[in-house]
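4 protein chains.
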Amino acid sequence: MQKRIEVGILGATGMVGQHFIKFLQGHPWFDLTWLGASDRSAGKRYKDAMTWHLAGGTPDSVANLVVEDCKPGNAPRLLFSAMDAGVATEIERAFAEAGHVVVSNSKNHRMERDVPLLVPEINPDHLKLVAHQHARGWKGQIVTNPNCSTVMLTMGLAALKPFGITRVIATTMQAISGAGYPGVPSMDIMGNVIPYIGGEEEKMQQETQKIMGEFRGDHIEPLAAKVSAHCNRVAVVDGHTVTVSVEFSSKPSEADLIRAIDVFKSLPQDRNLPSAPARPVIYMHEANRPQPRKDAERERGMTVFVGRMRKCPVFDYKFVSMGHNTVRGAAGAAVLNAELMQSEGMLD
Amino acid sequence: MQKRIEVGILGATGMVGQHFIKFLQGHPWFDLTWLGASDRSAGKRYKDAMTWHLAGGTPDSVANLVVEDCKPGNAPRLLFSAMDAGVATEIERAFAEAGHVVVSNSKNHRMERDVPLLVPEINPDHLKLVAHQHARGWKGQIVTNPNCSTVMLTMGLAALKPFGITRVIATTMQAISGAGYPGVPSMDIMGNVIPYIGGEEEKMQQETQKIMGEFRGDHIEPLAAKVSAHCNRVAVVDGHTVTVSVEFSSKPSEADLIRAIDVFKSLPQDRNLPSAPARPVIYMHEANRPQPRKDAERERGMTVFVGRMRKCPVFDYKFVSMGHNTVRGAAGAAVLNAELMQSEGMLD
Amino acid sequence: MQKRIEVGILGATGMVGQHFIKFLQGHPWFDLTWLGASDRSAGKRYKDAMTWHLAGGTPDSVANLVVEDCKPGNAPRLLFSAMDAGVATEIERAFAEAGHVVVSNSKNHRMERDVPLLVPEINPDHLKLVAHQHARGWKGQIVTNPNCSTVMLTMGLAALKPFGITRVIATTMQAISGAGYPGVPSMDIMGNVIPYIGGEEEKMQQETQKIMGEFRGDHIEPLAAKVSAHCNRVAVVDGHTVTVSVEFSSKPSEADLIRAIDVFKSLPQDRNLPSAPARPVIYMHEANRPQPRKDAERERGMTVFVGRMRKCPVFDYKFVSMGHNTVRGAAGAAVLNAELMQSEGMLD
Amino acid sequence: MQKRIEVGILGATGMVGQHFIKFLQGHPWFDLTWLGASDRSAGKRYKDAMTWHLAGGTPDSVANLVVEDCKPGNAPRLLFSAMDAGVATEIERAFAEAGHVVVSNSKNHRMERDVPLLVPEINPDHLKLVAHQHARGWKGQIVTNPNCSTVMLTMGLAALKPFGITRVIATTMQAISGAGYPGVPSMDIMGNVIPYIGGEEEKMQQETQKIMGEFRGDHIEPLAAKVSAHCNRVAVVDGHTVTVSVEFSSKPSEADLIRAIDVFKSLPQDRNLPSAPARPVIYMHEANRPQPRKDAERERGMTVFVGRMRKCPVFDYKFVSMGHNTVRGAAGAAVLNAELMQSEGMLD
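Residue numbers (our numbering), protein chains in the order written: chain A, 2 to 349; chain B, 2 to 349; chain C, 2 to 349; chain D, 2 to 349.
None of these hints come from the bench; they were simulated from the model. Please note: incorrect hints may appear among the correct ones.
Note that the list lumps identical chains together, so a pair holds whenever it fits in one copy or between two copies.
Computed list of lysine-lysine pairs in PhoX-like fashion (alpha-carbon distance at most 25 Å, straight line) [stated by the list, open to error]:
#, residue 1, residue 2
1, K227, K252
2, K227, K312
3, K45, K204
4, K204, K312
The whole structure should be built from the sequences, with the hints applied where relevant.
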């Protein structure tokens with residue numbers, strides 16, 4: 002029987018922190034016993050330190066936990082970071098230095114040379130990068146997951162990588178939950194499209210190349226493919242949709258591509274990690290799917306759905322990819338990263 | 002002083018018909034005196050033959066007009082067609098044969114060799130194609146405007162054509178009003194994205210090539226550029242937004258492109274046609290514009306707004322284009338086409 | 002161990018039928034083995050006979066069932082009716098006559114003298130009415146559940162009945178899912194309120210009096226209280242919200258009322274019926290709850306949430322009541338009715 | 002010819018301030034020449050001091066005005082106040098003391114004994130109260146308009162007052178624009194209802210009694226009718242909808258009530274004030290109207306629409322009232338108040 006592992010959350014009172022709490026409810030390996038937040042919240046019971054913004058109510062198991070300062074000390078070794086970008090750099094480093102394993106959803110360390118930008122189904126070998134973090138004098142480690150819109154794009158592309166991806170143009174239609182709380186004012190998004198999300202396009206372009214790149218001992222050689230992203234906010238609660246046109250170096254048929262998606266499985270499935278979906282990517286044959294409100298919650302939010310594979314008059318093929326941005330694109334992604342680490346014996 | 006011209010509407014009871022009625026209110030040249038619809042409505046007063054679906058109420062000037070059968074006879078010479086695709090082919094032909102000028106928003110005749118697919122600011126010379134319709138034995142003519150999403154794309158591209166457009170990948174986020182009434186069920190689109198609109202992508206791809214093609218005496222030579230469209234429905238009432246990545250044969254700077262948009266004017270502006278906007282395309286410098294709910298209604302809905310011109314890592318540049326789908330993309334487009342014809346003396 | 006009972010659905014292809022299918026998945030007593038629909042669908046596999054409109058996909062267990070005609074014959078004895086009002090009267094009667102137990106969500110028979118309008122937590126004794134249906138020459142029975150908005154009102158009032166309800170004024174804000182599919186056109190409801198739902202106010206007013214009335218042997222003596230309803234459609238997917246002002250003949254304190262809600266339990270809870278929520282009504286103390294998007298799905302959609310109990314300057318108190326219209330207000334309500342019948346030995 | 006009057010706005014950078022600016026565009030009497038805001042904005046050009054949140058862009062006529070401190074000095078005599086409640090009390094008083102006429106949309110002074118809570122169509126005589134403000138040592142005056150939801154209720158009731166209103170129960174469904182900017186987070190209201198707006202119910206209840214009360218020399222005798230309000234936020238951009246059940250001391254017929262609405266006119270109409278709608282209240286006969294998205298913008302947003310007059314099983318009648326919350330309920334209301342004052346010679 003699996004020995005249970007205590008875990009904590011850095012930035013537990015924000016909306017991403019709440020998603021972590023929700024996702025970790027009933028986890029078979031991890032016990033959430035520690036919640037860290039800013040000075041303002043420290044010392045209060047969790048239920049008094051925040052307003053719960055997710056559907057349903059504050060889980061009983063955390064409601065009465067006393068929130069702690071985000072300083073190394075009595076926190077468990079494994080910490081999920083849901084910190085705001087404004088403070089994550091220093092705090093995550095301090096915890097890593099002090100020997101904690103920081104599995105972070107924050108963007109701050111993602112593009113650093115010795116930090117894995119990990120998607121267990123795509124690049125589990127990138128995890129080896131953490132060995133080089135010792136050179137920083139850290140006793141612990143930082144592992145990151147991608148930006149939520151990057152996940153939907155790269156999962157859609159993952160199964161197609163063997164056909165030789167050379168160029169990608171993607172347009173996102175992103176849910177409001179991706180912006181946290183209070184996040185997007187309703188006066189801005191109701192019945193509207195906002196064709197801009199600060200920094201998002203650069204993240205999608207760079208992160209995709211790193212995630213799909215190759216591990217070369219002490220660094221990741223980025224995928225040579227060129228990637229261009231157009232990022233938009235739409236009036237959807239959960240679920241990021243991405244349209245993708247892609248050019249391949251080989252000449253696959255439509256059937257080749259769909260078959261590749263249908264059979265795509267990876268290490269998390271082989272190892273039966275608790276948060277791994279049975280199938281990381283599911284191809285939907287209906288003409289008008291996937292759709293965020295109807296499909297994002299399926300498979301516990303951990304599967305990315307692809308549909309509408311068809312010829313592109315400019316590149317080779319085009320398709321749609323959609324997944325749950327706060328689960329597969331945030332909290333669930335990080336928890337799956339931690340499960341991969343545990344299955345590698347890295348948390349012992 | 003302009004002699005007033007009587008006009009009618011084919012398909013007056015549907016939603017596009019209602020948009021025509023609304024747009025023609027107070028028109029300085031055209032008097033709406035005739036409304037045609039199906040057998041079911043013929044003989045009734047307009048107000049009793051339909052339910053008015055647009056904001057505001059049924060204009061008084063048409064409420065008591067008696068709806069007629071869509072058969073040539075006592076209809077005025079100039080007719081705007083808002084007919085459903087299922088019936089437009091035969092009916093529009095019958096009117097053209099009988100000597101009427103049919104200015105149609107329907108898709109049925111758009112791609113025919115001798116029918117202009119007209120955007121007055123882009124290809125006013127295509128109007129000459131109608132001369133060849135005599136060969137069909139028609140005493141009248143059919144002139145068409147593009148599909149609503151095509152308009153937003155081609156207007157965005159029009160000013161950039163001199164730089165040599167070679168490849169275009171576009172993704173639309175289209176308003177529900179584009180689907181008519183009852184149109185999209187709320188259970189399908191509330192808080193959702195539908196990544197599919199039947200036939201829309203093919204229309205955008207083909208129509209763009211014809212609109213931006215060259216008049217060669219008896220036909221249009223399509224633009225050689227390759228065009229790929231991804232069409233999506235979003236929870237917006239009015240205004241289609243399009244993200245565009247474009248490759249040029251020349252190497253313009255970002256400033257060159259914005260300047261080209263800023264100075265873009267065309268025949269409708271020169272002739273001061275009543276429905277012509279002062280500027281057909283306006284470039285917005287704010288980081289997060291244009292937006293459908295905030296910008297579509299500006300300039301009476303006849304201007305297309307472009308923003309976010311920036312380098313594309315895959316092609317040369319990318320930008321956003323947005324305009325009012327039922328005005329610039331439908332009723333207003335057709336009325337402007339008729340105004341161009343009148344200014345050419347074709348309605349005398 | 003409970004013997005499993007085969008059940009069928011009349012009107013299985015419509016949206017209410019789909020809600021029944023979804024709700025019956027994994028039911029501990031009932032096995033869904035029979036699907037009835039119109040001639041048009043009969044003979045097809047279920048997955049080919051309809052388009053699935055709910056989140057998630059068509060459950061595997063029914064996808065390949067062959068749809069049957071809605072005629073008595075080989076259908077199981079227990080049938081849930083999700084039929085349209087236009088056809089329910091005759092078909093439900095035919096099945097009851099032939100010996101089936103029809104547990105109906107349709108409005109058609111609700112107000113008939115010998116038909117129970119049943120809410121198991123409120124009026125389980127009304128079930129005795131069915132004995133009088135023999136007088137019709139029926140071998141079977143018809144039992145009904147209320148209109149979805151009536152459920153949210155009566156559940157909110159149920160615990161307060163001992164204080165002597167004399168007058169009630171209620172305003173609903175109803176979800177679009179209550180209108181079926183295609184239901185409300187998006188052009189009508191996006192960013193809008195429709196202050197009218199045909200027949201709904203009369204249903205809420207009459208049904209409330211019957212549900213809360215007293216069983217008198219061969220009929221129900223309606224509650225003497227006067228009830229007035231204002232029914233509105235709002236842009237919500239699931240969950241009907243009702244504001245209620247209520248006058249009592251006794252003079253309870255606010256604390257009395259909240260306590261009455263807190264301790265309210267009834268037969269379904271005592272008997273631990275499978276679909277009975279642990280608490281039929283939960284009082285929420287937050288100032289701005291309940292809310293449909295955040296609370297309707299809780300407790301499997303079977304609990305009604307009440308909040309904001311406060312003095313009413315006109316009547317005695319006012320409050321808000323909210324519940325899941327397609328679960329507690331439709332499919333779940335009917336299934337709970339059948340469970341009550343089973344617990345009474347009426348399905349043996 | 003009318004002499005033009007210079008006017009200013011206190012709190013010009015907020016959303017209500019923007020509504021004032023928009024509404025005052027092209028006003029035939031008032032020239033907007035002065036904009037006041039907080040220290041943070043003072044000294045900047047208006048276009049640099051705020052982000053414009055309304056549809057369309059910042060009007061050219063104010064874009065380059067330099068924002069001033071909200072301190073009496075060089076401001077014009079007539080000032081519209083769009084100040085936040087947190088600061089309005091002191092600042093409005095300072096301006097009144099210094100001789101300015103402050104026509105305020107803020108709640109702060111509404112319920113004070115010597116301050117008119119003015120709706121020109123309902124209680125123009127209440128304006129006489131301002132004479133008593135001299136007793137405060139003020140050289141100027143403060144006049145207020147009601148809370149936006151109060152306006153929709155009282156306008157709906159105004160024409161019915163002669164029938165003797167004794168009890169009113171109202172439920173609002175309020176637009177997000179009523180909450181300013183950033184206002185309601187989209188995560189709270191998308192696809193949702195929030196059954197609570199802080200302080201709103203008390204305002205509706207008290208303000209209604211004052212507005213419909215009688216001028217008694219030095220104070221207003223509140224209407225004796227009891228009023229109860231339930232206030233809700235819904236996913237609507239502009240337009241507050243109110244359901245109303247009302248008890249009368251006389252026994253009017255439905256036709257009496259509708260006729261009273263149809264003929265209702267008042268001083269602003271008689272004097273043809275520039276912002277007065279031709280008819281302050283319009284009764285709509287369609288079964289499902291008024292609706293905010295379709296009707297709020299009509300008649301320049303200054304008319305309140307009433308519909309669905311019908312018997313109430315509890316009180317005598319019930320109906321729906323709807324109007325534009327930021328126009329008739331805020332900026333337009335205040336401008337009409339100022340026009341009334343000007344027509345009374347109070348601004349000379």
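Evaluated hints:
1. Taking the closest pair of Cα atoms, K227 and K252 come within 25 Å of each other both inside a single copy (18 Å) and across two copies (19 Å).
2. In the homo-oligomer, the alpha carbons of K227 and K312 lie at most 25 Å apart both inside one protomer (19 Å) and across protomers (13 Å), since each shortest distance falls under that limit.
3. In the homo-oligomer, the alpha carbons of K45 and K204 never lie at most 25 Å apart, since the shortest distance is 35 Å inside one protomer and 34 Å across protomers.
4. Taking the shortest alpha-carbon separations for K204 and K312, only the inter-copy value of 15 Å comes in at or below 25 Å, while the best intra-copy value is 27 Å.
In summary, the structure is inconsistent with hint 3 from the numbered list given earlier, while agreeing with all the others.
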